[in-house]
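Novice: For reference, the chains in residue letters:
There are 2 protein chains.
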Amino acid sequence: MMKNQTYCVIMAGGGGIRFWPVSRTARPKQFLDMLGTGKTFLRSTFERFASFIPAENFLVVTNAAHKELALEQLPELTERQILTEPLGRNTATCIAYAAFRLQATAPGAIMIVTPSDHLILNEAAFRDVVEEGVDFASTHDALVTIGVRPTRPATGYGYIQTGKSVGDSHLHQVRIFTEKPSAELAQAFLQSGDFVWNSGIFIWQTEAILRQLEKLMPDTYYLFRSAGAVFGTPQENDSIARIYPECRNISIDYAVMEQADNVYVRCGDFGWSDLGTWGSLYDYLPKDENGNTTGCEAVTFDTTDCLVRLPEGKLAVIDGLSDYIVVDTADALLICPKGTEQNIKRYIDAIKFHKGERHI
Amino acid sequence: MMKNQTYCVIMAGGGGIRFWPVSRTARPKQFLDMLGTGKTFLRSTFERFASFIPAENFLVVTNAAHKELALEQLPELTERQILTEPLGRNTATCIAYAAFRLQATAPGAIMIVTPSDHLILNEAAFRDVVEEGVDFASTHDALVTIGVRPTRPATGYGYIQTGKSVGDSHLHQVRIFTEKPSAELAQAFLQSGDFVWNSGIFIWQTEAILRQLEKLMPDTYYLFRSAGAVFGTPQENDSIARIYPECRNISIDYAVMEQADNVYVRCGDFGWSDLGTWGSLYDYLPKDENGNTTGCEAVTFDTTDCLVRLPEGKLAVIDGLSDYIVVDTADALLICPKGTEQNIKRYIDAIKFHKGERHI
Chain A
-13 MMKNQTYCVI
-3 MAGGGGIRFW
7 PVSRTARPKQ
17 FLDMLGTGKT
27 FLRSTFERFA
37 SFIPAENFLV
47 VTNAAHKELA
57 LEQLPELTER
67 QILTEPLGRN
77 TATCIAYAAF
87 RLQATAPGAI
97 MIVTPSDHLI
107 LNEAAFRDVV
117 EEGVDFASTH
127 DALVTIGVRP
137 TRPATGYGYI
147 QTGKSVGDSH
157 LHQVRIFTEK
167 PSAELAQAFL
177 QSGDFVWNSG
187 IFIWQTEAIL
197 RQLEKLMPDT
207 YYLFRSAGAV
217 FGTPQENDSI
227 ARIYPECRNI
237 SIDYAVMEQA
247 DNVYVRCGDF
257 GWSDLGTWGS
267 LYDYLPKDEN
277 GNTTGCEAVT
287 FDTTDCLVRL
297 PEGKLAVIDG
307 LSDYIVVDTA
317 DALLICPKGT
327 EQNIKRYIDA
337 IKFHKGERHI
Chain B
-13 MMKNQTYCVI
-3 MAGGGGIRFW
7 PVSRTARPKQ
17 FLDMLGTGKT
27 FLRSTFERFA
37 SFIPAENFLV
47 VTNAAHKELA
57 LEQLPELTER
67 QILTEPLGRN
77 TATCIAYAAF
87 RLQATAPGAI
97 MIVTPSDHLI
107 LNEAAFRDVV
117 EEGVDFASTH
127 DALVTIGVRP
137 TRPATGYGYI
147 QTGKSVGDSH
157 LHQVRIFTEK
167 PSAELAQAFL
177 QSGDFVWNSG
187 IFIWQTEAIL
197 RQLEKLMPDT
207 YYLFRSAGAV
217 FGTPQENDSI
227 ARIYPECRNI
237 SIDYAVMEQA
247 DNVYVRCGDF
257 GWSDLGTWGS
267 LYDYLPKDEN
277 GNTTGCEAVT
287 FDTTDCLVRL
297 PEGKLAVIDG
307 LSDYIVVDTA
317 DALLICPKGT
327 EQNIKRYIDA
337 IKFHKGERHI
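Just so you know, the sequences run in chain order A and B.
Take the first sequence: its letters are residues -13 to 346, numbered as in my numbering.
Take the second sequence: its letters are residues -13 to 346, numbered as in my numbering.
Think of the hints as simulated: they come from the structure by calculation, not from any bench.
Honestly, I wouldn't trust all of these hints.
Identical chains blur together in the list; that is why a pair holds if it fits in one copy or across any two.
What the hints assert, rightly or not - Computed cross-link-like contacts, SDA-like style, restricted to lysine to any residue with a CA-CA straight-line distance of at most 20 Å:
| no. | residue 1 | residue 2 |
| --- | --- | --- |
| 1 | Lys341 | Asp288 |
| 2 | Lys25 | Lys201 |
| 3 | Lys300 | Arg344 |
| 4 | Lys25 | Leu57 |
| 5 | Lys300 | Gly257 |
| 6 | Lys331 | Phe287 |
Here chain A stands alone, though its shape is the one from the complex (with noise of 0.2 Å):
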């Protein structure tokens, strides 16, 4: 593995409000210690690949309001690293940022591309596989993605249907993308045993992923080539201001993995979790012999299997509640059964819709 070239770009740019009311357009998840480890998944993210990539080898991609919240978190990046979106155009569109951008500066590249807001418990055998597909997207012209052997019939995640493997390495061919399915085509997944999470990690030469930009997404492309030679100049945000509200609002499974034919799989087993609802965290937080989430001052009578945060400090009573999140923050308060909670988007709508953006 080239050290040297190997690039990582943390896309940090999430909206963050899936755990509302700890996460805020203020203050999105990526900027959060929601699980009580001392670090912000952003930190976490860093200090994974910290570990074999230098620190000037990072670009984190964040929305300009965000910035310092991300040079707080990583101070050994210069402010140079953090590429400002002046609005969400999701992956893609954030890829193709960052692609420009190494080509400018870091002609020669291999991009790791990685979620900023994600769970891996096995940091190891994480860094093995993301080694492995270095080496892999090093010698070949190859889109490598991360994918994670299922445990359960997940409805939430995208899977992807492995296919040949290539030679005597760990890879695979890619099949088809499958979007969220249905409870019983992710069961069917579950045992066929070809099929993997896609863990939206992804691993490639800098002039690969270019080249299916160019072929798969030209408007954005040439959105980006018209700005020329401004990437890593003073220039670059005024550019990115006025290319970004043009760009295509998708995401690089849609618009490239979906459809090029250059796409391979490293498969791994590394604990990880995507933590996008209240539910899935609960799962990974410490609880006590009722099954009620610790590390907070609750009193609980009658109460089980419940994940409970309240802010420092704060005390809570509660009787007669199963399976539910309560979760309490300064000026917001959230109470629901433990299988609603992607209703949060629901409940957004509604408090914009009654009350306005204060508590969002």
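Once you have looked at the hints, place chain B on chain A.
Specialist: Quick look at chain B alone, frame taken from chain A:
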């Protein structure tokens, strides 16, 4: 009714944790506006009587720690009118104290004794009942208690069985007092028609109650009498500090009303509740079409018949609760089924045991 000889003694010594986490030892229920009327219970109680009793004829008995709260609520009163208890010794001792004070400073007074934290909806009807009680007490050596015609088989109240009526008055002799009956007994009481709720509001001549205290609670009576000529002087507080810890911790109902042979009851219908629990408060609060209380920023889904109370400016999203109490304050949150809020004492004990006194 002899205005200048009629005095109103407001008992405001309650610890008031039944509305935890809103009521606290530092600010018990009587110093709170639980119904959102803009007035505390103490203030409402004062105004109820102030329409026919001059301000200088009020005494308020309260814990020494709450003297300033009482004066703040009742600026019409002077400091001398606030009788402070060094510790709570229940209503019998409170009434003995007030009676000895009045004997010293207003000989020949008629005392109206009232709790400070009850709800009375029909103030005109209430006033008629009280005035008739005062007229009767001023001409008889009688202990008059105000009864409330029951509207449901409540198990949380004391009941009085009425006997023969007295002349052509609306007063009745009292046959028996029964504290908190079983559900079956309460049903039988309701059906019989001659049981009324004991409101805890009493009317008598100072001399009449002192005679009964001497007879039925001589230990306490002589403790006060031994204080001699200090009542109404600057030495009163020192005497009280010495006397109070020695007094029996007993209610006037047990100590006197259930024993004395000159007890009469005047029944009324004036929309009374002791508002002793969150559930009883719920009945009197404005509600939306789903039966959830209004007046705070709660956005509800699949939620019915809940009492929700939030601090000013706080937002709550509540999904999937029916018949619950959700009360939030700056430093404590309560969530419990509406039927179990009589458990508050249990909650408080658990908090004290696990977390200390800070949130009580």
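Novice: Next step is simple, just say for each hint if it's right about the structure.
Specialist: Cross-check of the supplied hints:
no., hint, in the structure
1, Lys341 x Asp288, "between (33 Å within a copy, 19 Å between copies)"
2, Lys25 x Lys201, "neither (40 Å within a copy, 72 Å between copies)"
3, Lys300 x Arg344, "between (22 Å within a copy, 10 Å between copies)"
4, Lys25 x Leu57, "within (14 Å within a copy, 51 Å between copies)"
5, Lys300 x Gly257, "neither (32 Å within a copy, 38 Å between copies)"
6, Lys331 x Phe287, "between (30 Å within a copy, 13 Å between copies)"
Comparing the model with each numbered hint stated earlier shows that hints 2 and 5 do not hold.
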